[in-house]
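Visitor: Given next are the chains, with one letter for each unit.
2 protein chains.
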Amino acid sequence: MKTREIFRLKPPSNIGIVGGGQLGRMLVLEAKRMGYNVIVLDPKPNSPAGQVADEQIISDFSDIVALRELATKTDVITYEFEHIDVELLKSIEKEGYKIYPSSNTLRMIQNKYEQKTILKNLGVRVPIFYPVTNLDELKEIFYKLNGKIVLKTSTGGYDGKGNVIIKDINKLEEAYKELCNNELIAEEFIDYIKEVSIVIAKNHEGISFYPVSENIHKDSILIKSIIPAKISNETEKIIIGIAEEIIEEIDDYGIFCIEFFIDSNLSVLVNEIAPRPHNSGHYTIEGCITSQFEQLIRIVTGMPLGSTKLRLPCAMYNILGNNRVDGGYCVEGIESGLELEDCYVHLYGKSETGNLKKIGHITALDYSTQNADLKAQKALSNIKIEFLSM
Amino acid sequence: MKTREIFRLKPPSNIGIVGGGQLGRMLVLEAKRMGYNVIVLDPKPNSPAGQVADEQIISDFSDIVALRELATKTDVITYEFEHIDVELLKSIEKEGYKIYPSSNTLRMIQNKYEQKTILKNLGVRVPIFYPVTNLDELKEIFYKLNGKIVLKTSTGGYDGKGNVIIKDINKLEEAYKELCNNELIAEEFIDYIKEVSIVIAKNHEGISFYPVSENIHKDSILIKSIIPAKISNETEKIIIGIAEEIIEEIDDYGIFCIEFFIDSNLSVLVNEIAPRPHNSGHYTIEGCITSQFEQLIRIVTGMPLGSTKLRLPCAMYNILGNNRVDGGYCVEGIESGLELEDCYVHLYGKSETGNLKKIGHITALDYSTQNADLKAQKALSNIKIEFLSM
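Protein chains in written order, with this note's numbering: chain A, 7 to 396; chain B, 7 to 396.
Bound conformation, chain A alone (with noise of 0.2 Å):
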């Protein structure tokens, strides 16, 4: 491992938070509760994340002075979403500023093609993945991956934005020519049985990790998680082994999130790799000791790592705008999860939904993971979001 200068921040030390959603507002509640204070830099007034922080700096992400602003106003910089762009970053960095993970594994992990090439060449398996930079190569790979593949944008690509699923010759054309203003990558269709994910903790002290979530996804957005996943014990062992190697590999300080495919052979496939806490790992903030939000807040002020133990298993739900509804809107119904023991709801506070939009999720914890999916299920079917009545 490399070595690092040791840092220690005390509170109250400035944390800067690089996006204002909903994984920069959990991780501010944390950093809040355990005293820090908290810049968040978001091009949108009233962002999520920015409603609890101490303040916001409203800019574009590729704002440059925007970015110095923040850095010179905190102590550490850490970010919610990997869409930065690196030479930003990566300059904040040449200026003495700390930010964790740094622009070198941000790039790593940013690109899908740079990424899976290291996976790759590490001897992880990943689905088989090619470069595309025209129409007739696509063609080809597509028989070459038995008429079955996911075209994804390289970068930028997020809950199934940037990402087509084809299956069929007379659909590759249309596919290709909607994301071909991108750097593309065609990836082999893994008909998997399962998904699952983990969230891993890693600092100065060393790596820990979190129990593995089993996932389950509808037009690439995530639904629902149950915690801890049906695998194997062997299964299992596979998973964590893999994900040390992955960590060992990248050798930064952060949160991090892999998720697999199993398929049909019970083979684990590394799907993708996130250097931030992750919407599979929402459970921990009731169903662990420690939450991935307050860890990543430990990991950048140099504090130990906190245990990652279940306290009881859990099912997670997203809460996701529909079609009917489109800009500002309220919540009715959630007193039924309320009513439930053990079962939480978290709303995001965002200004607007829209279809398919996370606007919150529920965590229920139980005695098994049935009775916490029928728990959170229960809960989730009862919530309906209305048009905001002024």
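Just so you know, the hints here were simulated from the structure itself, not pulled from any lab data. No false leads were slipped in.
Copies of the same chain look alike in the list, so a pair counts if it works inside one copy or between any two.
Derived lysine-lysine pairs resembling DSS-like cross-links, with alpha carbons at most 27 Å apart:
id	residue 1	residue 2
1	LYS200	LYS363
2	LYS364	LYS390
3	LYS177	LYS154
4	LYS390	LYS79
5	LYS50	LYS79
6	LYS390	LYS50
7	LYS177	LYS224
Fit chain B to the supplied structure of chain A, relying on the hints for placement.
Guide: Just chain B, lined up with the frame of chain A:
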């Protein structure tokens, strides 16, 4: 019970909090998690609660215009401290705004003479007490109460302020002169063997009781709480019975805390009632399924009460300022607490410390109160409050 209008505030509704201290801060953190907007009223800019709220109205508590602004901008008001002008609250209520608990309740509780008179009339045992209007009367009371009294201001006291124990006739005049600009009461000094308290939640559906906490004070300031209190089942039943009777008499919605003395005959006396979340209930944040702060947010928004079940035995220690550091400060050594499993450090973001000023607290959970106590003690012993070096 009085019938009251049924209301239910959907997120994002607006909650107003009078008072921007640590109790307000912990309320805001829960309200924001649940998707509510919060406006705080406090004279000090950048108050602990104001830092995390959507807005802080900076104003004296006695300013009716500011209080009306808070009412106009929010859907319901609550408060984090009881020394508010009841007449102002009443006039705001008369304008049609909702305040929980009501100004009537606050009036009943705010004045210690009135509070104790109500309790006495209810048949609840309280220390013998008398109003004091002049020094001669005080002398007479001193002899009547066997030369051991507590002289208190009827309103406005907290953390030992406005509160003198007198066991020497020669100290009587000095103490009287110090406090005599206020309405005063003199109370029998109780040579208790234990102090305990109970937090109670009351809403439109009913009453819930939190586990009884055992409290250690020094110079009338809470040092630590241990939960569950080491008391017999019988004593616990008596405490819950008294609490129920009092809460039914108060007949209002809110979080209440009742403090008790247990004397050497194991007899239970009521010391004081607070119409708000209480320092001795901070353990509920990690220790119970629903914290006293989330519970109050549920109550004022018309949501169902949450479970008050204890997850594990707890110990809570306050982090208090010392007489060495006054003004701006930083907190060293929190890492010793963060290293311990299931040990939580809360810091309130107060801009200044001072002797015995509450700047944070530590809660530890474990399988026995003894282990929890040792853990929290260890965490606290390494915390140092130092001058902030600029």
